[in-house]
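Please build the complex by placing chain B on the supplied structure of chain A, with the hints as guidance.
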Amino acid sequence: MKHIIIAFIGSLCPAVLINVDRRNLIWAGFSGLLGRLLYDHLVAIYPGSALVSVFLGTAVVAVYSEVMARVRKTPATIFSIPGIFPLVPGVDAYHTIQSITEQDYVEAAVFGINVVAKASLIALGVLVVSAVFRKIMLNKKQR
Amino acid sequence: MELKAVMRIAMDAGEILLSNGAETYRVEESIIKICNGFGYSCDAFVFPTGIFLTVRSPDDESESSVRRVKTRTLNLSKIDRINTFSRNMVTNPSSFEEATKELEGIRTSDYYPAWIRLLCSAVVAFAYAFLFGGNLNDGIVCLVIGAVVFLLNSQMVKSAYLPFLTFFIVGFACGFLSLLSQLVITDTHVYIIIIASVILYLPGVSLTNGVRDLLAGDLVSGLTRLGEAVLVVLAIGMGAGLAISISPTIRASAH
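Taken in order, these protein sequences are the chains called A and B.
Here the first sequence is numbered in the working numbering, starting from 439 and rising by one per residue.
Here the second sequence is numbered in the working numbering, starting from 881 and rising by one per residue.
Heads up, a few of these hints could be off.
What the simulated footprint calls covered on chain B by chain A, stretch by stretch (three residues with Cβ under 8 Å from a Cβ of chain A suffice, anywhere in the stretch; the number is not a length) [unchecked claim]: (1) 899-908; (2) 923-930; (3) 1062-1068; (4) 1109-1121.
Read the hints as simulated data drawn from the structure, not as lab findings.
For every residue, glycine included, the Cβ atom is placed at its ideal position computed from N, Cα and C.
Chain A on its own, in the form it takes in the complex:
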């Protein structure tokens, strides 16, 4: 329960800072909540599935954003940018830098690859979903 509230606040407040309109703020908060909820759930059930879970979490955020974009008639980024905040691989990024300062480059590489993989998967999750949605919308227009 605590994590749900934190994830909600954790994407609502960034939404305020990038100036999301007042009537969309709550919905931007739910975006991050959904993504983080799925991620936590998957990691709890399947330990060691962090990478896949990040991808699926982002995919949920992206689907939600595209749907809400149609419902609320605004760009999808208004929901997807705050939504991916709770999924950012911050801990790994810190350990990468700390290992570099300790000159433990093997450890740094391990964490660094994790960061790059997770960031790429976040990007890929958004990419796949919005590609599918754009394709569907184009098909609709052509008919």
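Same frame as chain A, now just chain B:
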């Protein structure tokens, strides 16, 4: 409406979109939508740093112009409003005066009040301290550091906008203040505090927009934005890394 007037409106709308963090394809689509709405055809070529636009009238008269976009911030409500504006231009085109007035209104619209933004950046750091598994002490330290770094960042952005230096200093400030807090309050996790206070400045937007640009076929813009994201991460990382490496004694007491 005249060719030049349409060009002016389309260009202004595109500039507002681009300088407030819209994806490249959205800028191009909006410019094309506005021009088509007034019955002109056009070609728009948008980079993260500028716009090229040629507008053609039905009797083959044409006009070209270039607009350089230097500042890029993030203001999603402006993107939202321009989006609505360009859609309205298709359904019921307004006069030049009305359109310029509306654009000016969007351009000068403001962020949330400073104290709300300050509160939010403090609360973000507070919330992420818990999300990364910190305790209440971590959260309280983060609350303070989040507010201090926000003030520092907004001051730097206001006085002289040197993007990568700003990110470097933000990273350093987060790292240094976190390590410093170890001296005052024990029972905190230094790595959680650093991550939680720095998370707001990570380039999530450049990353997602870069990918969206690549997807839409705007290869140059996409790679440029991804490159920007990598540079920002490096700048923050180097700043935080410097703070960590110059305080070995503080770090030793932290573990």
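Hints, verified against the model:
1. 899-908: Coverage by chain A holds here, the residue count being 4 at a Cβ distance below 8 Å.
2. 923-930: violated (count 0)
3. 1062-1068: violated (count 0)
4. 1109-1121: Satisfied; 4 residues make the cut.
Checked against the numbered hints given earlier, the structure breaks hints 2, 3 and satisfies all the rest.
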